[in-house]
Amino acid sequence: MQTIDFMPDRLNAEPTVFRGFTTHEMFAAAGVGCVGGSVISIPLLPLAGWVILPTGALIMPLLVVFFGGTFLTRIKRGKPENYLYRRLSWKLQTGFARTLPLTGRLTEKSLITVSQGWFLRRTQALSLCRYIAGGRHE
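Following my numbering, the numbering of the sequence shown begins with 53 at its first residue and continues without gaps.
Calculated directly from the structure, the hints in this document are not laboratory data. Not one of these hints is a red herring.
Listed next, with one range per pair, are the computed distances between beta-carbon atoms:
#	residue 1	residue 2	range
1	136	57	26 to 32 Å
2	84	54	45 to 51 Å
3	138	103	39 to 45 Å
4	114	57	43 to 49 Å
5	83	171	47 to 53 Å
Using N, Cα and C, we set each Cβ at its ideal position, and we do this for glycine too.
Can you make the complete structure from the sequences, with help from the hints?
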């Protein structure tokens, strides 16, 4: 029986379902579009009546998935599969969302965002020869 000499990186990756979206990304985009369509439809209620709410909630997810898929494909091209999620968590941790209330779970402090130089604080240099020879070192 032959064995596989290499393990493909994207073997266990979630497959692309529609226009560059995976299943979870597509449902998240549709949910954001549904909420956004409802919010946009509220000011139009006096003009068109109650029918504008379900219309906005049904039309906007289609637009978000259709046009967002093209945009998302362009962003994800040539990047690792978790690039989008790491970038989103970095934006949430360092951007405007960290100041909003009730976003503690979204803005977890798991990413290192500080860039600085490190030093050892030694007062005198440690001689490698003295250390190898069994001499006393401090």
